[in-house]
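J.: Note that the protein sequences, when read in sequence, are chains U and P. Going by my numbering, 371 is the number at position 197 of the first sequence; the sequence numbering is gapless. Going by my numbering, 281 is the number at position 107 of the second sequence; the sequence numbering is gapless.
In short, the hints are calculated from the structure, not lab data. A quick note: this is a predicted structure, and the numbers were derived from the prediction, not measured. Heads up, a few of these hints could be off.
So the derived list for chain P, only partly shown, Cβ under 10 Å to chain U, looks like this [said to hold, decoys possible]:
id : residue
1  : N341
2  : R348
3  : L353
4  : A372
5  : L378
6  : W388
7  : E390
8  : L393
9  : E396
10 : M419
Ideal Cβ placement from N, Cα and C applies to all residues, glycine included.
Number of protein chains: 2
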Amino acid sequence: MSNPLPEIRRLLEGAKRVLIVSHVSPDGDTVGSALGLAWALRAEGKEVRLACADPIPLELAFLPGAHEFSTRRAGDEEIIFCLDASDPARLGALYDAEAFQRAPVVNLDHHITNTLYGDIHWVLPLASTAEIVLEVIRGVGLSLDRAVATCLLTGIVTDTRGFRTPNTTAETLRHACDLMEAGAPLAEITEAVFDHRALRTLRLWGAVLSSMEWEEGLLWAELPLALLEAYGATSEASKGLVNFMSTCAEAEITVLLREMEGGQGVDVGLRARPGYDVSAVALAFGGGGHPQAAGCQLRGSLQEAKERLLPALKALIAQKA
Amino acid sequence: MSNPLPEIRRLLEGAKRVLIVSHVSPDGDTVGSALGLAWALRAEGKEVRLACADPIPLELAFLPGAHEFSTRRAGDEEIIFCLDASDPARLGALYDAEAFQRAPVVNLDHHITNTLYGDIHWVLPLASTAEIVLEVIRGVGLSLDRAVATCLLTGIVTDTRGFRTPNTTAETLRHACDLMEAGAPLAEITEAVFDHRALRTLRLWGAVLSSMEWEEGLLWAELPLALLEAYGATSEASKGLVNFMSTCAEAEITVLLREMEGGQGVDVGLRARPGYDVSAVALAFGGGGHPQAAGCQLRGSLQEAKERLLPALKALIAQKA
Numbered sequence: 175m176s177n178p179l180p181e182i183r184r185l186l187e188g189a190k191r192v193l194i195v196s197h198v199s200p201d202g203d204t205v206g207s208a209l210g211l212a213w214a215l216r217a218e219g220k221e222v223r224l225a226c227a228d229p230i231p232l233e234l235a236f237l238p239g240a241h242e243f244s245t246r247r248a249g250d251e252e253i254i255f256c257l258d259a260s261d262p263a264r265l266g267a268l269y270d271a272e273a274f275q276r277a278p279v280v281n282l283d284h285h286i287t288n289t290l291y292g293d294i295h296w297v298l299p300l301a302s303t304a305e306i307v308l309e310v311i312r313g314v315g316l317s318l319d320r321a322v323a324t325c326l327l328t329g330i331v332t333d334t335r336g337f338r339t340p341n342t343t344a345e346t347l348r349h350a351c352d353l354m355e356a357g358a359p360l361a362e363i364t365e366a367v368f369d370h371r372a373l374r375t376l377r378l379w380g381a382v383l384s385s386m387e388w389e390e391g392l393l394w395a396e397l398p399l400a401l402l403e404a405y406g407a408t409s410e411a412s413k414g415l416v417n418f419m420s421t422c423a424e425a426e427i428t429v430l431l432r433e434m435e436g437g438q439g440v441d442v443g444l445r446a447r448p449g450y451d452v453s454a455v456a457l458a459f460g461g462g463g464h465p466q467a468a469g470c471q472l473r474g475s476l477q478e479a480k481e482r483l484l485p486a487l488k489a490l491i492a493q494k495a
Numbered sequence: 175m176s177n178p179l180p181e182i183r184r185l186l187e188g189a190k191r192v193l194i195v196s197h198v199s200p201d202g203d204t205v206g207s208a209l210g211l212a213w214a215l216r217a218e219g220k221e222v223r224l225a226c227a228d229p230i231p232l233e234l235a236f237l238p239g240a241h242e243f244s245t246r247r248a249g250d251e252e253i254i255f256c257l258d259a260s261d262p263a264r265l266g267a268l269y270d271a272e273a274f275q276r277a278p279v280v281n282l283d284h285h286i287t288n289t290l291y292g293d294i295h296w297v298l299p300l301a302s303t304a305e306i307v308l309e310v311i312r313g314v315g316l317s318l319d320r321a322v323a324t325c326l327l328t329g330i331v332t333d334t335r336g337f338r339t340p341n342t343t344a345e346t347l348r349h350a351c352d353l354m355e356a357g358a359p360l361a362e363i364t365e366a367v368f369d370h371r372a373l374r375t376l377r378l379w380g381a382v383l384s385s386m387e388w389e390e391g392l393l394w395a396e397l398p399l400a401l402l403e404a405y406g407a408t409s410e411a412s413k414g415l416v417n418f419m420s421t422c423a424e425a426e427i428t429v430l431l432r433e434m435e436g437g438q439g440v441d442v443g444l445r446a447r448p449g450y451d452v453s454a455v456a457l458a459f460g461g462g463g464h465p466q467a468a469g470c471q472l473r474g475s476l477q478e479a480k481e482r483l484l485p486a487l488k489a490l491i492a493q494k495a
């Protein structure tokens, strides 16, 4: 696709009011990208409004402007930026076909599955959308100050799990280096987004980890509601737990089965070493995801979920062995 | 201190046999630095021998040459490099005053507490010794191939806990970027050094995490020998545990008290949020370290160690509050 920077520059020259929209279930990349772009545009005198259909997670509250996101739909803005959202449905209730016809929509994203919606789209297979925003800021000639750099580096750090995902390249590190030189405090960002687990969360993780079961490459654990309650924790506390379990050297495939509230069934998180595709299993049970990280939700009890799921996963391992 | 590169270059020109020594309780930085330098020198036709008083940890076995380290003391080598060792005592039984008089000793280190021993010393406050070796390789004009880059990037990654320590700078990221461009596989390194915990280690961590205690900012846990034995684990399994505990949001200071084998007393790991200096406490108990990460060993039982140590740490927190 051709480089859309000249067109973005032209659109911005004629516009005063800008709307930036982040995707539902916001993460550090969609929020950091939105805030980074917002501060860069404000330094040019633009009026920027931030929107997201869901609340911003607590661990991102340290970002300048994190409290500004609203759920208000597009109004009289002259440009709409959609960040890190691979299709309009990812904007949730904030997608407004009419408003999106009225103003030019700029779609910036790093997901190769992006549907290329919008009047201008720039989809690059980088490790984060924040890096595409960095390209826009540089290409358009906006200023890269400490606030902008902090927000963008947060996008890189969260989407690469601290430079640990396989798509972290030399280019990713160079972008991160540039942002640190512009004043972004890497250690503070890392501490804010990774090093803050509640005491009750850590104790709950302990209980789950010590009860893990393993058979021929398959590692699994259950998280019954009663255990959550015993530690005064909510389902939020299980975030990251299956990733951590999957660091087990003996695990080819890792499963966390979490009992959902209100008898809604069981939420299943799946992780696999390279060479497996757990998204196919997740899909067969009505879920989805990536080959190495997928999930699904099953009706019924933890016991029933195990009986349905574990044999399928064991078969996957046996097939490869 | 003056740049010693010309002298290192001159020494290497006249030498054929090189000894590289890593420090006791070897970590990824001392091992990665040694191997990186070894492969760079071998590409120049040097005969390089690697030595370390202690065994190389399993998670570093993936590094090319990791199996080559021996405990044999200096022989007829014409240069001795000591890497990441702040004083000769850190070389353990491999320190040999006589041999170290016979051949020129080059001391490369990033610890500012380095005693500046050796005929040539180059101590820079970088995030890792691997980066100083990178400077030497570039300065002397040695080749930076994939094997060298892989070993050096492992040094950076392990000493910064994957770019998460506060001393990770833009320069650190630039060095890491350069090493990736030279072929170092960051994702493989990260997976090897961080994402491989034995099942019994993870279960043991679970037991310790679920038993953590907390009082007014102080988080602590005990690791009795009996617990290690119950999980079929060795003291090696506790590596990294106090770091993980210290991600607790409510913890100002974190302590892990590990009962040592053979009635040798208690090994204490200390971690603190910025603003504290736990190395002063560790020093008062005969240990040492950095303000945010320190350690010491106490005689007596776990109970006695707690009684001596915890009040001192609580006082530190109360003092700051």
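J.: Determine for every hint whether it applies to the structure shown.
T.: Structure-based check of all given hints:
no.	hint	in the structure
1	N341	8 Å, holds
2	R348	5 Å, holds
3	L353	8 Å, holds
4	A372	5 Å, holds
5	L378	8 Å, holds
6	W388	6 Å, holds
7	E390	12 Å, violated
8	L393	7 Å, holds
9	E396	13 Å, violated
10	M419	7 Å, holds
Taken one by one, the earlier hints fail for this structure at numbers 7, 9, listed in ascending order.
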